[in-house]
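Visitor: Protein chains in written order, with the numbering used here: chain A, 1 to 501; chain B, 1 to 344.
Honestly, the hints are just simulated from the structure, not real lab data. For glycine and all other residues, C-beta sits at the position ideal for the given N, C-alpha and C. Any given hint might turn out to be false.
To be verified - Examples of chain B residues lying across from chain A (beta carbon under 8 Å, computed):
{"#": "1", "residue": "Gln-36"}
{"#": "2", "residue": "Ser-108"}
{"#": "3", "residue": "Asp-327"}
Claimed, not checked - Which chain A residues stay away from chain B? Per the calculated CB distances, all over 10 Å, these:
{"#": "4", "residue": "Val-35"}
{"#": "5", "residue": "Leu-82"}
{"#": "6", "residue": "Asn-114"}
{"#": "7", "residue": "Glu-120"}
{"#": "8", "residue": "Arg-134"}
{"#": "9", "residue": "Tyr-183"}
{"#": "10", "residue": "Met-268"}
{"#": "11", "residue": "Phe-470"}
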Amino acid sequence: MKWIRKRFRHLQIRHKLIAVFLVTSMVAFMVNLFVYLSLNRMLSRIDMVYSTNMSLNEFADDIALMHAGLTGYLETKSTDDLEQYYKYSQEVYNKIQQFNDLPTDNILKLRERNIRKISESYITSAESAVRAKRGRNVQSYTRYYKECSEMYSEINTYIYSLNNETFRINSESFNTLIGSLRYSEMLCLSIFIIVSLMNVLLIVILTGTITKPLTSLSAKANEISVRNPENVEPLEIYTEDEVGNVTRAFNKMLASIKEYIVKIREQMVTESAMKEKSLLMENHLKDAQLKYLQAQINPHFLFNTLNAGAQLAMVEGADRTGEYISNMADFFRYNVKKDNEQVKISEEIELVDSYIYIMNVRYSGEIKFRKDLEEDLLGVVMPSMIIQPIVENCVKHGIMDLEDRQKEIALYLYEEDGFATIEVSDNGNGMDEETIEKILAREPSSVSGEHTDEKSVGLANVLSRLDIFFDNREQVEIKSTIGEGTRVIIRIPMEKETCTE
Amino acid sequence: MAKKANRDRVFLGILSAFTVVMLALTVVGLVVFNIQVNNYEASGIDAYSTYSRIYAYIPSNPDSTVSENLYQALREYGLQNDCLVERIGDDLATSYSKEELIAIAIRSKVSGIILEGDDSEETAALISQAGAADIPVVTVMTDAPGTGRCSFIGLNNYSVGVKYSDLILDAAEDREDASDLNALVIMSSGASNESVIYGAIQEQLQGSSVQIESVSIDSDSAFSTEEKVIDLLDEYTEMPDIIVCLSDITTRCVYQSVVDKNGVGVTTIIGYYGSDTVLEGIERGAIEATLSVDTNQVAQYCVDALDEFIVRGNVSEYYSTGYVLIDEYNVSGYMQETSVEGGV
């Protein structure tokens with residue numbers, strides 16, 4: 001059964017339909033065949049019933065003709081009669097050979113036996129009569145003929161009785177057969193109805209197996225159209241036919257849709273994170289720029305006027321003033337120009353140079369600025385406004401109030417472990433561990449908090465922008481000893497895209 | 001959706017159940033149909049048993065209860081011994097005389113003939129003819145003396161006669177008018193055994209107060225016996241005191257006539273054979289007693305005698321069977337037996 005079901009599942013729809021019709025047709029055919037054979041058997045019985053009567057009548061005719069031949073021959077010695085006698089004698093002889101020969105309790109067969117035996121006696125006596133006739137022994141053939149006539153009469157009586165008996169039994173049989181035929185009529189009708197019902201059932205079941213997967217497929221497609229495909233379960237595959245293939249493809253499609261949805265969702269998350277990062281970066285930059293713009297009243301105007309002042313100083317021969325004003329102009333130009341966030345380290349260092357120059361003019365050359373730079377690293381890209389705020393912090397909080405020794409600031413640029421390392425150090429007051437931790441924790445105004453009135457960019461801002469720019473891959477280190485100075489070390493990743501010559 | 005699926009399932013379930021029931025009915029129908037066809041085939045038209053020998057039974061009066069019961073007994077015992085006993089001429093379209101039936105039996109080449117004998121020459125000639133055709137003949141109930149029959153199976157007629165005379169004397173004693181009683185013995189013409197019985201009765205009653213006379217009734221045609229019995233009794237202005245019937249049919253006819261003539265209690269009837277009517281008469285007290293024959297024993301002797309003759313070529317010429325007396329004391333037992341077997 002399982003094997004059949006398995007085989008059926010693997011059949012093509014066309015073959016399934018053929019199988020359904022073949023099975024139902026076979027059932028109908030088998031039943032009809034059975035009924036037909038049974039009816040045929042009964043009809044042949046009916047046929048046989050009356051054939052015995054017919055053959056008995058034929059036998060009676062033969063023996064009558066034989067007796068007529070014998071009578072004719074004995075009367076006239078006619079050759080025709082003798083021929084007739086012999087012909088029918090042979091016929092009778094042949095026919096009685098088919099009659100029963102044994103004593104039996106069946107009345108019909110017993111009558112047959114008697115007919116046969118009396119007929120044999122008749123033939124013997126008739127032969128004797130013919131022989132006596134030839135020998136012209138009148139007395140003898142008369143006696144034999146008398147015997148023959150008696151036997152002829154007896155045979156006829158027996159045939160008549162047998163015919164009657166057979167007819168009586170046959171009539172009973174006929175009634176039985178008619179009854180059976182009526183029964184079989186009803187039976188055929190019932191079978192026809194039953195087989196039709198069975199066929200309907202078979203077709204319902206078998207076509208159900210064909211259409212069920214299609215119905216499920218259609219329902220599932222509807223479900224997908226109205227619901228989130230992610231919550232739709234894949235279809236069960238019932239068959240291995242064409243519908244099975246379509247179902248399998250449908251399931252694959254459903255799985256692909258789910259996969260795409262997941263990918264798109266991840267992509268959206270990434271994009272939104274990136275957008276968020278970009279906005280954050282922009283905010284910080286804007287914040288820094290705003291502070292600078294607030295700090296410098298109209299930098300453009302200032303820059304232009306400073307340029308005009310520098311030119312005037314040059315014309316008047318005040319070279320140092322001219323240079324000072326020129327550095328001021330450069331410093332402000334950088335602020336004005338570098339509104340985009342990416343700059344080369346060299347540009348950052350130029351800004352630091354300008355700033356130190358200005359500071360030295362302001363503080364009468366008290367600040368000793370040293371720098372040691374690896375030329376190769378000058379093209380490395382980094383966010384703008386990073387080094388100058390650190391240097392500014394060194395000046396403001398480190399060395400500004402230094403009385404007892406030379407105010408020194410050093411800037412180093414070198415490569416270390418694949419990082420471009422920018423190191424800014426001073427020999428100022430230094431800071432305590434708590435302050436360092438606050439700075440490294442990017443707490444706002446951790447350093448410039450005490451000087452919130454001063455419009456400068458805080459270290460927290462600097463470090464936050466570095467975080468955003470390098471995705472936290474940069475390393476910041478602050479080493480400080482109270483009274484001896486501070487070292488701020490920034491290691492920025494050197495990536496191809498961040499290196500421009 | 002689920003409701004529809006449920007409805008479909010219910011529909012399918014009903015359809016399946018209906019189909020299964022109908023399928024079972026179909027199978028049952030087909031089986032019944034097949035059985036019916038097979039039954040028809042086995043209805044006996046073709047089914048039969050064969051036997052190695054066939055004996056023809058030819059009674060003088062096939063309609064008598066004695067011959068009918070004897071035929072049944074013969075047939076039953078024969079079948080047990082691989083031989084079929086056929087009552088020749090039974091149910092044929094033409095009715096044949098006993099002699100014609102013997103001729104038919106000879107021409108039918110039966111293995112043996114069981115014949116109710118008579119003393120006619122024609123019968124004797126036919127018995128000889130049968131002997132010439134190697135067909136042994138045994139006579140039963142009535143002998144055919146002086147013929148070539150192999151054996152006779154029947155009652156010892158003399159002793160039966162003696163018993164009848166005893167019964168007559170007993171009946172005479174029972175009557176109040178015991179003197180000058182007359183007894184009428186009704187015989188069938190041509191029955192030699194009845195002559196012997198009558199002879200014995202006469203012999204025994206000699207010197208008694210009972211006057212005995214006999215009358216022979218020719219029962220050669222149908223219904224003649226009854227008519228002749230009525231005629232006979234009508235001849236008497238006073239019914240005979242005792243009537244002795246030596247055949248079953250005369251017993252029944254006399255019983256009926258005596259009842260019709262309101263002669264019960266007036267005439268004592270002593271009958272022959274224990275047919276239903278006779279037993280009924282005894283039970284009602286209309287018939288004094290009857291002498292019967294054990295048909296089973298007779299049948300057994302007949303078949304055995306023929307078998308023995310066929311096998312050995314000779315057989316005892318005479319087999320005597322005992323008679324059975326049935327009177328008011330034991331009639332009920334025989335009536336029960338009769339109701340079971342259909343005759344004594």
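Visitor: Which constraints among the numbered hints does this structure fail? Numbers only, ascending.
Guide: 3, 4, 6, 7, 9
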